[in-house]
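S.K.: Make the full structure from the sequences, and use the hints.
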Amino acid sequence: MDDFLNSTSVVPEFVGTREIGDTIGMCIPSVDPTLLDQLHITKRYSVLGVLSARSGAGAHIMAMDEAVKATNTEVIDIELPRDTKGGAGHGSLILIGGYDPSDVRSAINVALDNLSRTFGDVYNSAAGHLELQFTARASGACHMAFGAPEGKAYGLICGAPAGIGVVMADTAIKTAGVNVLSFASPAHGTSFSNEGMVHISGDSGAVRQAVIAGREVGLKLLAELGDTPVNDFPSYIK
Amino acid sequence: MDDFLNSTSVVPEFVGTREIGDTIGMCIPSVDPTLLDQLHITKRYSVLGVLSARSGAGAHIMAMDEAVKATNTEVIDIELPRDTKGGAGHGSLILIGGYDPSDVRSAINVALDNLSRTFGDVYNSAAGHLELQFTARASGACHMAFGAPEGKAYGLICGAPAGIGVVMADTAIKTAGVNVLSFASPAHGTSFSNEGMVHISGDSGAVRQAVIAGREVGLKLLAELGDTPVNDFPSYIK
Amino acid sequence: MDDFLNSTSVVPEFVGTREIGDTIGMCIPSVDPTLLDQLHITKRYSVLGVLSARSGAGAHIMAMDEAVKATNTEVIDIELPRDTKGGAGHGSLILIGGYDPSDVRSAINVALDNLSRTFGDVYNSAAGHLELQFTARASGACHMAFGAPEGKAYGLICGAPAGIGVVMADTAIKTAGVNVLSFASPAHGTSFSNEGMVHISGDSGAVRQAVIAGREVGLKLLAELGDTPVNDFPSYIK
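Chains as they are written, first to last, in full-length UniProt numbering: chain E, 1 to 238; chain D, 1 to 238; chain C, 1 to 238.
A hint or two may mislead.
Same chains, same names: a pair is fine if it fits in one copy or spans any two.
Listed next, the in silico DMTMM-like pairs over lysine to aspartate or glutamate satisfying Cα-Cα at most 20 angstroms (straight line) [as the list claims (entries may be wrong)]:
#, residue 1, residue 2
1, LYS43, ASP103
2, LYS85, ASP203
3, LYS152, ASP32
4, LYS43, ASP232
5, LYS43, ASP113
6, LYS69, ASP37
7, LYS238, GLU216
8, LYS85, GLU216
9, LYS174, ASP32
10, LYS174, ASP37
11, LYS85, GLU224
12, LYS43, ASP227
13, LYS152, ASP232
14, LYS174, GLU66
15, LYS69, ASP100
16, LYS238, GLU224
These are calculated hints, taken from the structure and not from any lab test.
M.R.: Right under this line is the structure:
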């Protein structure tokens, strides 16, 4: 065992990591067909990209949404473990497919680079967390994960513990005329996470306004449970 | 962001918090109808009460059971996230409905005040926890969450790790003649929590006796895994 | 309460504990029939054995697999809570049945004793974990939990976060000609754990070779997320 335990050589599938969320990105240039038969994917590709994290679901999905826009790749599976290392939310497993390993590797790199942006409106405190996401043009990842219409603006407004997300959603929807795609809660549309989250779509300005309004009330409510929620990266929704 | 990050103003929906379980109570005087369409509720009310916590399910359900008895409100949703901040059990999201915001706010306050009682027989150790609950007259929350017949005595006997709950249930049922409503375990009737719990109903004295017997054996078994389990509030089941 | 809180007497159902995984083993010599009606078991036995843990699923299932081989007992329920005390994996609740309490108690003891072996290839780091299991002859526990053909060699190759398990599975399958029974991931075949795991069967030498190859790549990938993964007991798969 010592031999490879002390090994520093990186395996060929490795693409990169990010400390945020304990995130790792990998690429399998030619997946074993018998494994491919067992994977739960929407479309069969022999070149597979993998983005996996202990903490972060919306942030990773939004990051991958940008990545598939920028490359010739496609999202073929999104699964949300009940994780966050004792926190209230999800981790993520995202599989993408492509025809060229270099496309897939660059897609994974684009996603990894986007995490410092998409974690910008994730606010944590000892009692819970908030997550806000916004895109002016949703792509395949948002569509598969949240049912967002592709090409239209999409917003995610999430609070934990879940009840905070209920009030955030109500405030957000009242603020601007948006389409409510769905409301996810511990028993519906989550993996039993302690989150309440609304998925909205519509006019870009209205969606952004709703997300900002949800964030404002969420930060005030979560702060009532103790310390002020803080984000690890600068907010990107302005 | 700084502006509202440093804000100390409380939003109008806020009712109160309790440190135990990271619990927050809120009231939405007039829910947005498009959000109401997306909520998973048994009955449509425009005045919504929200009780949400990171840790505690039985304790919050029992507290809300008293609250709906004491006010003109109704339980319309109970969801159990797999939470407890790394512990073995559940958090909770409970929604109630009413016709008058003052009724709903007072129901939430009654529930918050009851937590120091309903957490009285929740015992924690580094290895797991036990939860015992008893009511001489079950109401809407116990009925929705556990299938308890309303108006009759109800008892909950729970142990974590789950195997301890199996032995607690066996001991409790053998102690007194009670009706076994159901047995919940990691794959059945829980959100994959590591709990074994039996729901019992019947004569008030018998149910209480069974709960106390389950508690006694549970405390001995959980103590075998290390330190003595302790409760944060005085026991109420005597 | 003080009376029994300070009690050091052990209840008759108690068999033993192991610190690893916060594991407790118990035996109920004659289960209450009304409880038996509510348990989710494949076959009705009045003598019940219980193995329960906060952390560990594969390790406990493999340990019980040896125990039922060595005794006149049968596995009648395996449930996997989403636990590990904030980690990425499962705990376990395993029920066995028998005709003689001494058989069942010895089966539980055999399982407890096997844990120091079956945890030998469980590697943990701050970012995640790996689990490898191998048996030359699968029995009832592996069959019920993983669909392993009884009497044939079985291997488990698991990585967390889940994406690491995808690459481990691909590498393992490519290494030797084995039958892929299934691939489990956060949304399929797990309790929303953050694990990717492949279940393989076939020729003993090939299965062992595949498991070792999966372990090698898994240790390198998980190490990329920070510290070197370590096992609490000596590796048994050589």
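S.K.: Hint by hint, say whether it matches the structure.
M.R.: Against the structure, the hints come out as follows:
1. In this assembly of identical chains, the alpha carbons of LYS43 and ASP103 lie at most 20 angstroms apart only when taken from the same copy (17 angstroms versus 50 angstroms across copies).
2. For the homomeric pair LYS85 and ASP203, neither the shortest alpha-carbon distance inside one copy (36 angstroms) nor that between copies (37 angstroms) is at most 20 angstroms.
3. When the C-alpha separation of LYS152 and ASP32 is checked against a cutoff of 20 angstroms, the pair qualifies neither within a copy, at 36 angstroms, nor between copies, at 23 angstroms.
4. Proximity of LYS43 and ASP232 under a CA criterion of 20 angstroms is satisfied in neither setting, with 35 angstroms inside one chain copy and 40 angstroms between copies.
5. Neither within a single protomer nor between protomers do LYS43 and ASP113 lie at most 20 angstroms apart by alpha-carbon distance, with minima of 26 angstroms and 45 angstroms respectively.
6. For the identical chains of this complex, LYS69 and ASP37 are neighbours neither inside a copy (27 angstroms) nor across copies (32 angstroms), given an alpha-carbon limit of 20 angstroms.
7. Only within a single protomer do LYS238 and GLU216 lie at most 20 angstroms apart by alpha-carbon distance; the minimum there is 12 angstroms, versus 46 angstroms between protomers.
8. Taking identical chains as interchangeable, the C-alpha atoms of LYS85 and GLU216 are never at most 20 angstroms apart, the minima being 26 angstroms within one chain and 25 angstroms between chains.
9. With identical chains, the CA atoms of LYS174 and ASP32 are at most 20 angstroms apart between copies only, with a shortest distance of 7 angstroms across copies and 50 angstroms within one.
10. Proximity of LYS174 to ASP37 under the C-alpha cut-off of 20 angstroms is restricted to the inter-copy arrangement: shortest distance 14 angstroms between copies versus 46 angstroms within a copy.
11. Taking the shortest alpha-carbon separations for LYS85 and GLU224, only the inter-copy value of 18 angstroms comes in at or below 20 angstroms, while the best intra-copy value is 23 angstroms.
12. When the C-alpha separation of LYS43 and ASP227 is checked against a cutoff of 20 angstroms, the pair qualifies neither within a copy, at 45 angstroms, nor between copies, at 35 angstroms.
13. Taking the shortest Cα distances, LYS152 and ASP232 never come within 20 angstroms of each other, neither inside one copy (28 angstroms) nor across copies (50 angstroms).
14. For a Cα distance limit of 20 angstroms, the shortest separation of LYS174 from GLU66 qualifies neither inside one copy, at 29 angstroms, nor across copies, at 32 angstroms.
15. For a Cα distance limit of 20 angstroms, the shortest separation of LYS69 from ASP100 inside one copy, 16 angstroms, qualifies, whereas the shortest one across copies, 49 angstroms, does not.
16. In this homomeric assembly, LYS238 and GLU224 never come within 20 angstroms of each other (Cα to Cα): the closest approach is 24 angstroms inside a single copy and 35 angstroms across copies.
Violated hints, in rising order: 2, 3, 4, 5, 6, 8, 12, 13, 14, 16; the structure is consistent with all others.
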